[in-house]
Amino acid sequence: MAAVNSRKLAIVAVVGIIGTFAWLLYGGLDKNVVYFWTPKELIAKGDAGFEKPVRLGGQVKPGTVKWDDKTLDLRFVVTDVDGVSDIVVHSKGAPPQMFRDAMGVVVEGRYGRDKVFQSSSLMVKHSNEYKAPKPGQSGKDMVKTLMQGNSTT
Amino acid sequence: MPPIAGQNNWSFVIAAYAITWITIIGYWVHVHRTLRDAQHDLDAANAAGAK
Amino acid sequence: MTAPASSSAIPVPKAGSWPLFGWFTLAFMVFSQWYAIATSPADRDMGDLQKILYVHVPASWIMSITFALVFVYSLLYLWKGKDSYDLLAASSAEVGATFVGLTLVQGMIWGKPTWGVWWTWDARLTSTLVLFLVFVGYLALRAFIDEPQRRGQWSAAVGVLGSINVPIVWMSVRWWRTLHQMQSTPQTMDPTYRNGLLINFLAFTLLAVYLIRRRYEAAMIARAAEMTSQAAALGGH
Amino acid sequence: MTRVRQQGGDNWRRIRAIAWKDLTTERRSKAGFNAVVSLGITILVLFGFALGPDAQVLRDAAPGALWLAVLFAGVLAFNRSYQVELDTGALEPLLLYPGARWTIFTGKLLANMLFVGLLLVIVVIAGMVLFAVKVPDAWPTVIAVLALGAIGLVTLGTFYASMASRSRAREVLLPLLLFPMLVPVLLAAMQASKALIGADMMLEAGAWIKMLIAYDIIFVLATHLAFEHVIEA
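Residue numbers (my numbering), protein chains in the order written: chain R, 1 to 153; chain D, 154 to 204; chain F, 205 to 441; chain B, 442 to 674.
In isolation and in its complexed conformation, chain R is listed as follows:
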């Protein structure tokens, strides 16, 4: 009797574990969790977006990178996929090797009231694509996969 009962309990427990796993993995729990905001989202926050630790992700707007050799100041504009919403980013020190026009980047820091994002950390986000170089290709499709990756799917 006791053995039968404990076996029943064990089966119930295993089913419970599997059920909870299913809920965790397929329950759509993580819809609200994002790794970074895009410039558009950060600007849309309005006043609530200033002076708080956030991560900002987007594309380096081509032609906006300014580098000062002496002060190691790096300034560039991060733009959304739509190319309309821009945020000026200020960072210190040499960027990673893959940093260039039109690459996807994620910067950590605070968005100041002076409309300049002070970055404490700059990371280049590489896509999962590996392509041989072809003439005339830009990093545009790379940023697309970056944006898809943001929904943590």
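Honestly, the hints are just simulated from the structure, not real lab data.
Don't be surprised by glycine CBs; every beta carbon is placed ideally from N, CA and C.
Treat the hints with care, since some could be wrong.
Stated by the list, open to error - The following label-pair restraints were derived from C-beta to C-beta distances:
{"#": "1", "chain 1": "R", "residue 1": "Ala48", "chain 2": "B", "residue 2": "Ala496", "range": "19 to 25 Å"}
{"#": "2", "chain 1": "D", "residue 1": "Ala197", "chain 2": "F", "residue 2": "Trp283", "range": "32 to 38 Å"}
{"#": "3", "chain 1": "R", "residue 1": "Arg113", "chain 2": "B", "residue 2": "Phe490", "range": "28 to 34 Å"}
{"#": "4", "chain 1": "B", "residue 1": "Ile566", "chain 2": "R", "residue 2": "Arg113", "range": "34 to 40 Å"}
Using the hints provided, position chains D, F and B relative to the given structure of chain R.
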């Protein structure tokens, strides 16, 4: 454009491959040494048991 | 005296043609890496750094299969209680720990020039590190317990719970931070890269199979030696 | 039917008896609890020194510091909870009693839960004072998060201590086994507390709380299943 940090890519590639092979060979040797020692112990135990 | 305590108390796996298989695997690995490096053009963004892909991604793949093996063999041991399952789980864990450690170091070497940092608290990196620590804990537990029965039961329980934890860790750190690219699949890759990667996957898998099998063989022989000498000591009374 | 109910009553009685026994021994040796609480507060103070005097930094780091203090102090409690049986050799007779083995685990779990719960309350109050954290508006949710985090922590702590306390080098082994397993629960508890006291706006507390619930359910069940194998060996 800012200067690119760490111009020499190949040094990183070589480092990655080197660490791979060091690990593989190192663990390979460890496994075979364990195997040899175990076999040695078994032979010794069998010899002692047969006496 | 009854029959002398012999190694027949515990079946000792035979080496058979495994040594040959091992040397073949090693040769195949050299070939597949040479093939991959030789056939792959420099990547559009990463340049030659892309070549690290061929050892990094297969190594991390070994991590997943060894973890699955630990889970399955631990459950089998709890269910059937056969020593060989326990030792297979332990061998898989040891090989797994070795390859996870390797994956972490390779990843750092790759991360520095591409991302600009040796380490970042990204989801994949963090969960790999946690996985490594779970393996380390499992192996430490085994090292600290001498009695085989108890060691088997306990480490099997730790192995099963550790494996259950893996998807949860993965999910929690993914929510926490994600910088690593999504999983590379053959579809996201030019064909010139794909074949090189597939052949290296095969080479690493063969190597892991070989190492697990030989480690298991060693563990079984050691167990047999232990039991034989114990029986001899008892018989000598 | 009556038979089943009877057995349920037996199990419950066993659970209660073991929990009561553990709590009584703990209460008789008050030194244990006081020492653990002192350790928790000391760790909080050390975090305060490490993080510097900036009030904003302290507030941001408060949830993390708090959970780590509870974790480190709790580890001592988990090993202690089997110490009494081991010292007096009472584990074997306990196993000889008829009835399901998992009730031993549940009993110890409840006792540890009460112990760590009390510890948590004291450390949280101390932490709020030391780190200048105001009582958040969502305080009922914060209490729920604390409780859920404590359940995860105590469940795995009690389980792994049942092995570590009976091995050589238990001081090293318990943290080594336990801490990697606790990564999800600590992460979820810290992030949820953080979001609730308003230090980080990037994250949503709701998702983390669901994660905590799932983690607790899975591991309460899994440890109960595994315990029978562990305690007999």
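Here's how the hints hold up against the structure:
1. About 21 Å separates the C-beta atoms of Ala48 (chain R) and Ala496 (chain B), a value consistent with the hinted range of 19 to 25 Å.
2. Judged by the Cβ atoms, the range 32 to 38 Å given for Ala197 (chain D) and Trp283 (chain F) holds: they are separated by roughly 35 Å.
3. Checking the proposed 28 to 34 Å range against Arg113 (chain R) and Phe490 (chain B) shows it holds: the Cβ atoms sit about 32 Å from each other.
4. Remark: the range hint 34 to 40 Å for Ile566 (chain B) to Arg113 (chain R) is upheld by a beta-carbon distance near 36 Å.
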